[in-house]
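Chemist: Single-letter residue listing:
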Amino acid sequence: MFKAILKTQWQWTRTAVLLAAIAAFTMPLLSMNSNVPTIQPRSFISVMQTWGVGYVVLAATVGLAVAILAWSSDHRGHHVYALTLPVARWRYVLLRFGAGVVFLVPVVAALGAGALLAVTMFPIPQGLHTYPWALTARFGFAALVAFAIFFAISSATARTAGYILGAIAGVIVVQFLADAAGLHWDVVSHAVDLVLAYPGVLSVFSGRWALVDV
Amino acid sequence: MSSLGRWWLAGAAAAILIGAPRAARAQTQAEYRARVRALVPVWHEVAALKRREDSLAALTLPSDTVRSGPLVLLADSALVGFARRVAPPAAAALDRRFGHAAEILRSRPYLLSRPDSAGSPDSPISLSEVDGTGQARYVQSEPPDVNAMVWAVTHRAAAAIGASLGGDFAHWLGGDFPADTATPAMWTGVRIDLVTSPFAMARACYAGADSACALALGVAGTDDPVARWFDASERRDRVRHLTYQYRADHAGVYNACVTLGADTACAALLRLMPTADVDPPLGASARQSLLTLALDLGGPDAVTRMEAAPDDRGAQLAAAGGIPVDSLVRVWRHDVVAARSSNPSMSWGMALTSLLWVAACGALALRSSPWR
Amino acid sequence: MTFAVETQGLRYRAGRNFAMEGVDLHVPTGAIYGFLGPNGAGKTTTIRLILGLLRATGGRIAVLGESMPAARVSVLARVGYVPDRPHVHPSLTVAQSMELHAAFHARWDARWATELKGQFRLADDRRVGSLSKGETGKLMMLLALAQLPELLVLDEPTDGLDPVVRRDVLEALLAYVSDRQASVLISSHLVHELERICDWVGLMDRGALVAELPMREFKSGIKRLYVTGAPALLDDTTPFTVLSRGPANGAAEQWLVRGWTPDMHDHVTSLGATVTDVIDLDLEEGFVELLRSFRDKR
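Line order of the protein sequences matches chains A, B and C. Residue 178 in our numbering sits at position 105 of the first sequence; the count goes up by one each step and never skips. Residue 159 in our numbering sits at position 117 of the second sequence; the count goes up by one each step and never skips. Residue 175 in our numbering sits at position 137 of the third sequence; the count goes up by one each step and never skips.
Among the clues, some could well be false.
[Unchecked claim] Label pairs and their in silico Cβ distance ranges:
#: 1; chain 1: B; residue 1: P366; chain 2: A; residue 2: Q199; range: 25 to 35 Å
#: 2; chain 1: A; residue 1: V244; chain 2: B; residue 2: D210; range: 49 to 59 Å
#: 3; chain 1: A; residue 1: P196; chain 2: B; residue 2: V379; range: 38 to 48 Å
#: 4; chain 1: B; residue 1: A401; chain 2: C; residue 2: R93; range: 26 to 36 Å
#: 5; chain 1: A; residue 1: R87; chain 2: B; residue 2: H376; range: 45 to 55 Å
In case anyone wonders, no lab produced these hints; they're calculated from the structure. The beta-carbon is built from N, C-alpha and C at its ideal position, and this holds for glycine as well.
One chain only, chain A, in its complex shape (with noise of 0.2 Å):
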């Protein structure tokens, strides 16, 4: 059964996942050789840290990527199919959300050969060290981490999509309303530190991302 859906989803995930594994595994590659004619340390980190923000722009688009085409065969059907096969919606839903996180797997892969051949092909300034693995989980953490929100929100009804959006917009609405009220109330803020600290929902897309660090 597993087989079967892994075998299909493939046919129209495989696209995003070859383009999202060639991404992967060319950009550690790229943030290195963009390092070659710099020789501070310093700038060197920086580099490192700008080209950061691509790995996680990368594991996000990943996630979101590998979790809508999970349901795009359901949803262009109108779930119909998956609701007539004799199977419980859990388990049907565990096989589409297992399919996906298999399709993680070559990219994640992509990443860390990437890294490792970055790390031994360039030089590295004296007293950085190199984080190949390191990233690479990192990157497979957000990747999954991402799948799974885009999945569980793929796999709502559009009403409780909706909800989703009404509550981000009901704290915008709040932030608004405490403005206009004079209160010091700063609720996007806190919000957005509740979702991206430690230990929030996103947090492993924030902080620091560099194959080459201190």
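Fit chains B and C to the supplied structure of chain A, relying on the hints for placement.
Modeler: Structure of chains B and C alone, referenced to chain A:
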């Protein structure tokens, strides 16, 4: 603003207005610079007058005195309760850190006030230092939070205590006198500074040479810092980044250094600078961390011993830490190098948290409605 | 009589314009049940409610003796479904869609599936998205049949297909039903098609089940009578049901009746009227007249 202040401001404005067209007409840059230099003292005097007027305004508020150990807080009746909550923890922290050296605070009260006396209870509270002549100098504002004000008072007090060590030491330190004990974050920051330093001496320090650390921190080699702290390319680089003033005043030497690459010219030009303008290779945060370590090792009487020590950085730091300065630098380097987090990109906690969120989102998906 | 599908008081509402209020549907076990109705009558909605694709707001549904949607998984394992629109992802090939379907159906008959594929002339490597409408219809039927269901639910399975494809599909269906004694619920608005294959017929309009009866009764029992001297009112003893009455040529009236048999002439005569002509209606005419009378009553 007082009428005197207004007159001074008017005078300064008039001087600028009169001077500006003349400056514009100046045929040479030297004339222009001379005019600007002439106006700077005027501006400083006006600013000082303004500060004095603000201090007088602050002191006109009816104030109560709150004492805790050597710490004296002045506050108006609306803030006296707040001051009573701030004083004990601040005094305790100062006693732990500075011991007897904190006694100088008895003659240096701090004033807590609200700039807007009718302000709401949520409005910020100003912290001012009151000097021996009774003048209050605004320092900073903090939200009406006891912890925030304790932090502000202890840091201002630490700066006052540290000032007793003299201007040379303050200049070498290059930043706030440390009120807190060393933290992992501090060591991590210093480590980054050390690793990313553009100076060979700092990198040699990181690589394991304790003598290089002492030089890079500016606690050794102070007889000829230009020669001992920097190599030829660093000297040239420093000259290249000198202010326009220096370059213009010493154009020949500057060109010999930068254009012709003559290291003697570079060294000569740097030696012309006041000693205070030549910073050691490692920055202020590194030097502050060394002092923090010395104070941590030395205990509450560290500053008292520093005050009694000869006027030499190495001796002062050795006195503070109670160990020879070489040993102090060795311990410092060890702590810096040990601050390397095993993995800046990922941690087990982060991994576990991520997995929990993935499980939570997965559970939500599993429970999603089958009906559309 | 047992029922492959049975609903009691089935209720559902979709927006402001469509509501089903108390639909009682009975598909006898082993029967081919034609589900008739104009577009928008609620046939597809009823089928989706029966299969658990939609959640009813009231009433009870039993499929193959099990309650829906509670027993959804076990029921769907025994039900083959051909939806009104193809539901297989267009990027899959014929072989891949068969493989996917087989993975979820324990009773999948791979050999017969291959036979049907050959019979329907479907190539393995053709993508679903590139199939013609007729080929897609055949593939849907193949998927539904090869899982060897006890009940086939077909929602407009031949709609838009050319006569040759339609014949292929219906032949495969009939062959399967005769072999397996399966029950079939087939919805269509192509009345003539159902007339040839159905045992039972249910007529739906505007969310209500207008009539449900054996096909032979439907075909033979609905007549158009031309009556002269008709009384204004008919008493309760009248042995047939007058669905509608209206003026015909001259003094005669035209009655649409159900349950008419030739021996009922005497009853009409006893009322002082005379039946001058009796016309048999085919299924489509009966369907139209039934709808008309239903709508007139509303």
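Chemist: All hints are to be evaluated individually against the structure, with a verdict given for each.
Modeler: Status of the hints after comparison with the structure:
no.: 1; hint: P366/B <-> Q199/A: 25 to 35 Å; result: holds (29 Å)
no.: 2; hint: V244/A <-> D210/B: 49 to 59 Å; result: holds (53 Å)
no.: 3; hint: P196/A <-> V379/B: 38 to 48 Å; result: violated (22 Å)
no.: 4; hint: A401/B <-> R93/C: 26 to 36 Å; result: holds (28 Å)
no.: 5; hint: R87/A <-> H376/B: 45 to 55 Å; result: holds (53 Å)
Checked against the numbered hints given earlier, the structure breaks only hint 3 and satisfies all the rest.
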